[in-house]
Amino acid sequence: MTAWVLHVDMDQFLAAVEILRHPELAGKPVVVGGRGDPTERAVVSTASYEAREFGIRSGMPLKTAVRKCPDAVFLPVDFPVYEAASARVMETLRAHPGAVVELLGWDEAFVGIDTDDPEVTARAIQAAVLEATQLHCSVGIGDTKVRAKVATDFGKPRGTYRLTEDNWMEVMGDRPTKALWGVGPRIAERLASLGIRTVRDLAGAPDEPLIEEFGPNTGPHIGRLGRGAGSATVDDTPWVARAHGRETTYQHNLQSPEEIAAAIRVLADQVVEDIRAEGRACMRVHLKVRFAPFFTASRIRKLDEPTYDPAVIADTALALLAKLDDDRPIRLLGVRAEMVPPEGGYDPPRSHGRRGSP
DNA sequence: TCTGGGGTCCTAGGACCC
DNA sequence: TCTGGGGTCCTAGGACCC
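With the UniProt record's numbering as the guide, the letters of the first sequence map in order to residues 1 to 358.
Among these hints, one or two may not hold up.
Result set (DSBU-like, lysine-lysine): computed pairs, CA atoms no more than 30 Å apart in a straight line [what the hints assert, rightly or not]:
id : residue 1 : residue 2
1  : Lys-63    : Lys-28
2  : Lys-288   : Lys-178
3  : Lys-63    : Lys-156
4  : Lys-68    : Lys-178
5  : Lys-156   : Lys-178
6  : Lys-156   : Lys-68
7  : Lys-28    : Lys-68
8  : Lys-178   : Lys-63
9  : Lys-302   : Lys-323
10 : Lys-28    : Lys-156
11 : Lys-302   : Lys-288
Quick list of simulated restraints, FRET-style, between CB atoms [what the hints assert, rightly or not]:
id : residue 1 : residue 2 : range
12 : Leu-104   : Asp-207   : 24 to 34 Å
13 : Gly-215   : Pro-329   : 34 to 44 Å
14 : Glu-131   : Phe-79    : 32 to 42 Å
15 : Val-240   : Asp-269   : 21 to 31 Å
16 : Val-43    : Ser-298   : 14 to 24 Å
17 : Leu-104   : Ala-132   : 17 to 27 Å
Don't read these hints as lab results, they were simulated from the structure.
Model, not experiment: these values are computed from the prediction.
For glycine and all other residues, C-beta sits at the position ideal for the given N, C-alpha and C.
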């Protein structure tokens, strides 16, 4: 028996859930995003495969999507329904004998499992998820988390794919560094400035220039990504939130001090609901503001005393905003409350996009 | 036609103390 | 008159992911 990492990823998750309860939408271009109104300021959360054929992608403004496919069906994001579907999926994964399940998001998880035939296990998991939820998923198989995660894309839709030390370079070597999980456009650009463009370039790069460019922790981490190396340990410790925040893009830019203050109070009230539910007080307030046309700033302030008082959080956010001293119209405001850590701290300290050692 | 909302972690640099 | 290191706390801001 060998220890394997499986990465289970639901196919077109939000769109698939919507099609389940609206079967007449099967086969049609379906776009889930915002309030389902493509004339509003909002973006695509998930596009069905049919919608993707028109060039519609996640993160794209709804207004762009409707131009690409005027006949697409636009639906609002319905969080409670997706949460329920997600819970059934994760339950199913946990029920698989010997599986250790680490959630990565609503619609994906790592599954650690000892097996001689990971493809057979992957197929069994796909069948179990389909039976329990009528939803399809793809499964990446790897000898590390990074390789399993990257492998999933080659298995989509409804398939499996295996990436290990043996075929990593053959499959990934000529691809751009951006194809790696954890390398976004900015890091890809900085790597290119070092002459590193492909995964093979990165895998062969010595640590020193990476450390110089990205720092002592991140530099070697990025190098390891190029090799597909890294942790193979799937950790099922329940995730504990560090912070809760709310942000809103306004359909019309905010201009007057009164409407700005009112908007911040609304956000602070919502944030307090969330941290009360968590039972941990706010110790630091983060303000995020996007001025029109598109300049984003963020500021943080530690509170003298942890608090659940929405007025304190709102006043702190307003003070941070005042300090920015920028009177351009505002198109987005965000208030985030960093919470007091739980007794004994975060254990183990970890996260999804974890960077650095080990 | 401008570009969501929920998160996490990392790096750098200043302030301050010993 | 010039000026060491080490450590911690805090803020600013960047980057990534789903």
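Inset, instruction - Could you tell me which of the numbered hints above are not met by this structure, giving the numbers in increasing order? - result: 14
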